[in-house]
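Keeping the supplied structure of chain P fixed, place chain B upon it in accordance with the hints.
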Amino acid sequence: MNKTNSNIIDKDYINQFSDEIKDIWNTLENVKDPEIPNMSVIDMAILREVNVVDNNLEVIITPTYSGCPAIQVIESDVNLELQKKYSKVYNKITVKSRLAPAWSTDWMPQSSKEKFMEAKISPPVGSSDDNLFKILNHNPEIICPHCNSKDTIMQSFFGSTACKSLYKCNNCLMPFDYFKCH
Amino acid sequence: MSLLKENSNYNSLVEYCLRIADDRMILGQVLAESCGHLPMLEEDIAITNISLDLIGQATSFYEYSAELLGNGETADNLVFFRGEREFKNILLVEQDNSDFAYLIVKQFLFDSFDLLFMEALTKSQNEQFAAIAAKAYKESLYHFRHTKSWVIRLGDGTDESKIKINEALEFLWMYVGEMFEIDEVEESLIKENIAVNTNLFKDKWLTLINDTFKEATLSMPNINDFMQTGGRKGRHTECLGHILAEMQYIPRAYPTANW
Numbered sequence: 002m003n004k005t006n007s008n009i010i011d012k013d014y015i016n017q018f019s020d021e022i023k024d025i026w027n028t029l030e031n032v033k034d035p036e037i038p039n040m041s042v043i044d045m046a047i048l049r050e051v052n053v054v055d056n057n058l059e060v061i062i063t064p065t066y067s068g069c070p071a072i073q074v075i076e077s078d079v080n081l082e083l084q085k086k087y088s089k090v091y092n093k094i095t096v097k098s099r100l101a102p103a104w105s106t107d108w109m110p111q112s113s114k115e116k117f118m119e120a121k122i123s124p125p126v127g128s129s130d131d132n133l134f135k136i137l138n139h140n141p142e143i144i145c146p147h148c149n150s151k152d153t154i155m156q157s158f159f160g161s162t163a164c165k166s167l168y169k170c171n172n173c174l175m176p177f178d179y180f181k182c183h
Numbered sequence: 017m018s019l020l021k022e023n024s025n026y027n028s029l030v031e032y033c034l035r036i037a038d039d040r041m042i043l044g045q046v047l048a049e050s051c052g053h054l055p056m057l058e059e060d061i062a063i064t065n066i067s068l069d070l071i072g073q074a075t076s077f078y079e080y081s082a083e084l085l086g087n088g089e090t091a092d093n094l095v096f097f098r099g100e101r102e103f104k105n106i107l108l109v110e111q112d113n114s115d116f117a118y119l120i121v122k123q124f125l126f127d128s129f130d131l132l133f134m135e136a137l138t139k140s141q142n143e144q145f146a147a148i149a150a151k152a153y154k155e156s157l158y159h160f161r162h163t164k165s166w167v168i169r170l171g172d173g174t175d176e177s178k179i180k181i182n183e184a185l186e187f188l189w190m191y192v193g194e195m196f197e198i199d200e201v202e203e204s205l206i207k208e209n210i211a212v213n214t215n216l217f218k219d220k221w222l223t224l225i226n227d228t229f230k231e232a233t234l235s236m237p238n239i240n241d242f243m244q245t246g247g248r249k250g251r252h253t254e255c256l257g258h259i260l261a262e263m264q265y266i267p268r269a270y271p272t273a274n275w
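Which chain is which? The protein sequence lines are P and B, in order. Residue numbers for the first sequence follow our numbering, so the first one is 2 and each next one is one higher. Residue numbers for the second sequence follow our numbering, so the first one is 17 and each next one is one higher.
Just chain P, same shape as in the assembly (with noise of 0.2 Å):
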């Protein structure tokens, strides 16, 4: 299989695929996250490989947080998605789960951030790929998703979430989340 050096899945790393495999992505590109339903498996950078060995369908995803209660609802519902299509076509399918390496923001690609924008999630900043004791001290711009500002102040570490933070506008005064750089 084709693999770029980066971790990034975008539209043009699906595209390097044969149209089988491609349809296989296309198609998981309906299993949205259950905690932010406009962001799928894939804007998530939760769906790492798509695999066809021998008539035998694997996909390898990779959990973000150790404690994600989603994950384990991602997980089954990434096999409905390739049973209900593809029970049919292959002779096993199986979804694995991979944990190194470790799930990271910075894989997401361009197009995730603006749907976290959309759905009124301020977008990951920075990279993780810093010296994380940086990111200790690091308070970071968060533009706010309501309003574009970026006179925001943090009142939460932790969200709704334990990926998110909560902050709130000083401009539009509403509070929103931050998606948390990991």
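In case anyone wonders, no lab produced these hints; they're calculated from the structure. One or more hints might be untrue.
[Unchecked claim] Here are the simulated lysine to any residue pairs, SDA-like style, with alpha carbons at most 25 Å apart:
(1) K169(P) / T64(B)
(2) K114(P) / D55(P)
(3) K86(P) / Q17(P)
(4) K97(P) / K230(B)
(5) K230(B) / K86(P)
(6) K23(P) / K169(P)
(7) K116(P) / V53(P)
(8) K139(B) / S98(P)
(9) K97(P) / G86(B)
Since the model is a prediction, treat every value here as computed from it, not as a measurement.
The following block gives chain B in isolation, referenced to the frame of chain P:
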């Protein structure tokens, strides 16, 4: 009942894996007990998020333990059907929340250790450990950042918050020694570059917490003080029994129940 000792696959690697899992499971469970009792809603959410991360990490280590044990062992069995003597967590993590200052100090002492521990574990020769640690390390940084900020706020806060945090620190300090204990189980795994040699970052840890205490206008306790021990051998404080009673009640009352 002894779930483990009869299993022929029970060895140092399993023992070590269970220690890591038990630390996080018990800490996560005790943190979850505070849900609904914290000083404000944001804190309720933050602490339960941290709890969820820890239980998630524990799940990964329990699943790996179960895989190593084989014979149909499961992560759920390891959590719900082992007795107090079979839990190998350090004593620090099982201590009562008592009040918010205790909860924060306990969590801070653990988080500061945990981020150095997980960073080191990412370099383990054991691929599964390294993989779980890579994810857990990033989570531990966010935990540390959170509890550190509270130590500073409570220490450098009001007269009362300072009294309370000092009291908590004074009580909990005797439990930090266990984090740096190395016994024969770990020694053999350290030689194979599987386990983490915690002594290699002990000074770094002391500097890390000293810097925070300085900012919090708290005095640094003495690491050479008397330290409690026993958790790794299954000898626990009274607290663990209460935790297990609550945590294991349902599966033990209804052992055939399924989610």
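A quick look at each hint next to the structure:
1. Of the supplied pair hints, the one linking K169(P) and T64(B) holds, its CA atoms being roughly 21 Å apart against a limit of 25 Å.
2. With a C-alpha separation of about 37 Å, the suggested pairing of K114(P) with D55(P) is violated against the 25 Å cut-off.
3. The hinted pair formed by K86(P) and Q17(P) meets the criterion: a straight-line CA distance of about 22 Å does not exceed 25 Å.
4. The straight-line distance between the Cα atoms of K97(P) and K230(B) is roughly 47 Å, outside the 25 Å bound, and the hint therefore fails.
5. For a cut-off of 25 Å, the pair hint linking K230(B) to K86(P) is broken: about 61 Å separates their Cα positions.
6. With a CA separation close to 41 Å, the supplied pair K23(P) and K169(P) exceeds the 25 Å bound.
7. For the given pair, K116(P) sits about 30 Å from V53(P) by alpha-carbon distance, which is inconsistent with the 25 Å threshold.
8. About 21 Å separates the Cα atoms of K139(B) and S98(P), which keeps this hinted pair within 25 Å; it holds.
9. With a C-alpha separation of about 20 Å, the suggested pairing of K97(P) with G86(B) holds against the 25 Å cut-off.
In the structure shown, a violation is registered for the earlier hints numbered 2, 4, 5, 6, 7, in ascending order.
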